[in-house]
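Q: Remember, this note's numbering sits 266 above the position in the sequence shown when you count from 1.
These are computed hints drawn from the structure, not numbers from a lab.
Since this is a predicted model, take the numbers as computed values, not measurements.
Hints are not guaranteed to be accurate.
Derived CB-CB ranges, DEER-like [as the list claims (entries may be wrong)]:
id : residue 1 : residue 2 : range
1  : Pro344    : Pro292    : 34 to 40 Å
2  : Asn281    : Asp311    : 24 to 30 Å
3  : Tyr285    : Asn323    : 26 to 32 Å
4  : Leu276    : Pro326    : 17 to 23 Å
5  : Gln342    : Leu276    : 15 to 21 Å
6  : Val345    : Glu280    : 19 to 25 Å
7  : Ala310    : Glu288    : 28 to 34 Å
8  : Gln297    : Glu355    : 16 to 22 Å
9  : Glu268    : Pro320    : 25 to 31 Å
10 : Asn323    : Gln273    : 23 to 29 Å
11 : Asn323    : Gln297    : 29 to 35 Å
12 : Met308    : Pro334    : 16 to 22 Å
13 : Ala287    : Ser354    : 17 to 23 Å
14 : Glu268    : Glu288    : 29 to 35 Å
Note that CB positions come from ideal geometry on N, CA and C, so glycine has one too.
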Amino acid sequence: MELRIAQSALGDLENIQTYYAEQGVPEIGAQFVLAILGHAQMLADRPDAGRVVPEFNQTPIRELIHPPFRVVYLRQAPVVTLIRVWRSERVLEMPEGPIAGP
Numbered sequence: 267m268e269l270r271i272a273q274s275a276l277g278d279l280e281n282i283q284t285y286y287a288e289q290g291v292p293e294i295g296a297q298f299v300l301a302i303l304g305h306a307q308m309l310a311d312r313p314d315a316g317r318v319v320p321e322f323n324q325t326p327i328r329e330l331i332h333p334p335f336r337v338v339y340l341r342q343a344p345v346v347t348l349i350r351v352w353r354s355e356r357v358l359e360m361p362e363g364p365i366a367g368p
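Could you put the whole structure together from the sequences, leaning on the hints where they help?
A: Here is the structure:
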């Protein structure tokens, strides 16, 4: 399957980098982003690897846990789209409007 990243997830990844840069450890933010994207890459071959997101209980909306983050994605053959990357303790919200990649 093709792996895409929605604007909402890109914004989340940018926010991760910004947060750690503001904390004076930009390399940690960069490491998290690279590790998250590396982990998500396996969804191209194994789109059902993540669990169904409990808040929504809808089979196409799944997540990978990459501590301390939840990587939420939408599985719609032939595409898997990363839609959110949030800290585990945050309340999950879906982006408004259509979900589309860059």
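Q: Which numbered hints are broken by the structure, listed smallest first?
A: No numbers; nothing is violated.
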